[in-house]
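Enquirer: Residue-level listing of the chains:
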Amino acid sequence: MSTHTNPAVAATSFKGPARKKRRTPEQGGHPAWGIAAWAVGLLFAAPVLFMLLTSFHSETDAATNPPSVLAPLTLDGYRSFFAGQPWPPLINSLTASVVSTLLVLVLAVPAAYALSIKPVQKWTDVLFFFLSTKFLPIVAGLLPLYLFANATGLLDNISFLVLLYTSMNLPIAVWMMRSFLAEVPVEMMEAAQLDGAGLITMLRSVVAPVALPGIAATSLICFIFSWNELLLARTLTSTVASTSPVFLTSFATSQGLFLAQVCAAAVVISLPVLAAGFAAQDKLVQGLSLGAVK
Amino acid sequence: MTTATPAASELTPEQRTTYQAPQGQAARDRREARRRRIPLLPALVFTIAATQLPFLATIVISFMDYRALRPDQRGFTGFDNYVQVFTNPAIRGAVLTTILLTATVVIASLVLGTAIALLLDRKFIGRGAVRTMMIAPFLVVPVASALLWKHGILNSGYGLLNGVLTWVWALFGSDSPPQPAWLTDYPLLSIELSLIWQWTPFMMLILLAGLQSKPGDVVEAARMDGAGNWQIFRYITFPHLRRYLELGGLLGSIYIVQAFDSVFIITAGALGTANLPYTIYATFFQQQNYGLASAQGVVVVIGTIIIATFALRTVSSLFDEETGR
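Residue numbers (our numbering), protein chains in the order written: chain R, -17 to 276; chain W, 290 to 614.
For reference, chain R alone in the conformation it holds in the complex (with noise of 0.2 Å):
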């Protein structure tokens, strides 16, 4: 309710009224570059689409050449998608993501708090140098998780890729939060201060009403990241606690007369992103490039 009232955030959005004015009457221009942008659009959603049709068709009409596009829908695909095995995986790849992102919120807004409403001493290095993490590539660390994991007996476990995941997203999560916490307006807070309120109060009624739509779009986005890990997903688990991206590479040698399930399994294991990812859109860009775009 309050995104529509608060100018600092409307304008932080893609369609944000700071936009209109700034546009200009000849930027409208010639039709053919509508004709073009939905010309690329349509070419880059393809392969997605194509993803989608083939899921409903049946096995001998998804491998035909050229495709058959009118061919009659079905759900086969589906069903022998759902047929394979495939909740134990799902249910794993949910509980990594939501559990992690939880705890990932747990310790980043704090944090994010500490470095920008309140800064502490020398803020701007501990912001670089939880960014400076994510620039250890995963598998430089593999090793050392795996033996951690085998000599603990986390071995699939789904709790130790929880805590991997949290670790994984922390630093994003931190600067994204703590850009969005950035944009309350220390006016704001002044002034609700000399009124009298107290900490409580003035997190409730004006640090949540800007900074929630911002953590509401970091918690979709870490969700996402975990959903989508496979590295540490096939290097950390087997049997009991792999996930879904695990379960579908056992399609990667496939021959073609499963290219139907095939499609099946990559769209149902892809909609919670794709539902998160589109819902998020105008604040995925910011969370992204770690809050350094508006």
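It should be emphasised that the hints constitute simulated quantities derived from the structure, not laboratory data.
No experiment lies behind these values; they were computed from the predicted model shown.
Among the chain R residues that face chain W by a calculated CB cut under 10 Å, a handful are:
(1) A27
(2) A45
(3) P48
(4) A122
(5) T148
(6) L230
(7) L256
(8) A258
Each residue gets a CB set at the ideal place from its N, CA and C atoms; glycine is no exception.
Assemble the complex: chain R is given as a structure, and chain W must be docked to it using the hints.
Expert: Just chain W now, kept in the frame of chain R:
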């Protein structure tokens, strides 16, 4: 001693003026500083433990002869693993593949992303819908997207690409369209195509955000002075976009250097497509040579740090603007 009396340079101007004040004031400041640090500590401690410790262990193991299959040989060997990293032709090949793959994908997706961002910055009917379609490739789970490219698009028998070739050739009455075996004849190109498709939307999003932060009045003034479209792009839009191009290129590099999913799925590292992350994975899992895998990991980190230094500088220049507002 040093913690009890902070150096004057660490204090804010307000604090400096009260620095000579009675002892009670300085103690209160220190208590306040410590209180502010508390919310930060859990995240900081967790991050150090989870990211720095494993890497330190990797460095230690990289100097060891450590193979899962020969536990009796375990011990320190100095730089042997590193010598092997730099002399083994397969590993040198992986370095070359990594550089080639990263550079091709980053440059192609930056060029395409810029062109598409310029298109989408214009006003046209259904702009929101086109933007949503453009983002879709970036939101498909990477493993799913690699599978889609391998089986659905690049397969020589029934893939979409050769299917479209057949269909287009048939339109012109030909029944002998070219049907390349993409995955075996052009294995690296196959991986690059799927990654370019996946990363162009990311570049497009960053550059579109950059374009939309461009001040309109400057363009308007230039147009009044008689500047053409190309001049406006060359002298106003492009300089403004430069930092966004750098940011996109560097963030993209950081992720694409680490690309594992597509190499693992599409070719499983065969036919000269094994990049460093895949090679480390294979050294670790198939050869079970932990020492060598660790040395490879350390080399990758050194390479990444070189890119990251530039990335940090770029992010920090964008960041300075914000803090200096």
